[in-house]
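Put together the whole structure using the sequences plus the hints.
Be aware that the sequence shown starts at 559, since it is given in our numbering, and climbs by one per residue.
Be aware that one or more of the hints could be misleading.
Taking lysine to any residue pairs in the SDA-like style, the calculated list, with each CA pair at most 20 Å apart, reads [said to hold, decoys possible]:
#1 Lys585 to Lys565
#2 Lys565 to Ile584
#3 Lys585 to Leu595
#4 Lys585 to Tyr599
#5 Lys585 to Thr598
#6 Lys585 to Leu570
#7 Lys565 to Val583
Here are the computed distance ranges between Cβ atoms for each label pair [unchecked claim]:
#8 His562 to Thr598: 19 to 29 Å
#9 Lys585 to His562: 16 to 26 Å
#10 Tyr599 to Asn560: 37 to 47 Å
#11 Ile576 to Phe601: 30 to 40 Å
#12 Ile576 to Leu597: 37 to 47 Å
#13 Thr598 to Ile572: 20 to 30 Å
Treat the hints as calculated values from the structure; they're not laboratory data. Even glycine gets a Cβ: it sits at the ideal position worked out from N, Cα and C.
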Amino acid sequence: MNPHRLKAYILLLIVAVIWGIAGPVIKFTLGGFPPLLFLTYRFG
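Following this line, the structure appears as structure tokens:
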């Protein structure tokens with residue numbers, strides 16, 4: 559397998575894991591903060 563292709567697959571896997579973890583983390587965070595405050599921290 560081409561080394562560049564292997565690196566691309568590994569990076570895609572890392573991105574998919576981070577993207578998959580983001581949902582539960584946001585749900586957990588919203589349990590402790592009001593949504594408007596969370597959005598202020600996220601986009602501010």
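Quiz item: Can you list which hints this structure breaks, lowest number first?
Solution: 1, 2, 6, 7, 8, 9, 11, 12
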